[in-house]
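S.K.: With our numbering, the residue at position 29 of the sequence shown is 29, and numbering never jumps.
Rather than coming from a laboratory, the hints here were simulated on the basis of the structure.
Hints are not guaranteed to be accurate.
[Claimed, not checked] Here are the simulated distance ranges between beta carbons:
1. Ala21 to Asp45: 18 to 26 angstroms
2. Cys51 to Leu22: 21 to 29 angstroms
3. Gln52 to Thr29: 26 to 34 angstroms
4. Arg32 to Gln52: 33 to 41 angstroms
5. Leu47 to Leu22: 20 to 28 angstroms
6. Gln49 to Ala25: 21 to 29 angstroms
Using N, Cα and C, we set each Cβ at its ideal position, and we do this for glycine too.
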Amino acid sequence: MAHATTTLKIAGAVAECSADALDQAITTTAARAGFAVDGHNLEIDGLCQQCQ
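Using the sequences and the hints, build the whole thing.
M.R.: Following this line, the structure appears as structure tokens:
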């Protein structure tokens with residue numbers, strides 16, 4: 001995978017951020033296990049500072 005984008009869904013809002021380090025970790029971990037990654041999804045649920 002050349003680039004990954006992580007979508008953060010927090011308190012009803014959605015924010016996207018670069019996930020290059022996460023993408024590399026997933027690819028490396030999969031390769032060590034003998035897998036080729038076709039794609040992946042990540043969702044993080046949480047509260048913004050105002051909602052905490």
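S.K.: Each of the hints needs a verdict: does it hold here or not?
M.R.: Quick rundown of the hints versus the structure:
no.: 1; hint: Ala21 to Asp45: 18 to 26 angstroms; in the structure: 20 angstroms, holds
no.: 2; hint: Cys51 to Leu22: 21 to 29 angstroms; in the structure: 24 angstroms, holds
no.: 3; hint: Gln52 to Thr29: 26 to 34 angstroms; in the structure: 31 angstroms, holds
no.: 4; hint: Arg32 to Gln52: 33 to 41 angstroms; in the structure: 37 angstroms, holds
no.: 5; hint: Leu47 to Leu22: 20 to 28 angstroms; in the structure: 21 angstroms, holds
no.: 6; hint: Gln49 to Ala25: 21 to 29 angstroms; in the structure: 27 angstroms, holds
Consistency with the previously given hints is maintained throughout, with no hint failing.
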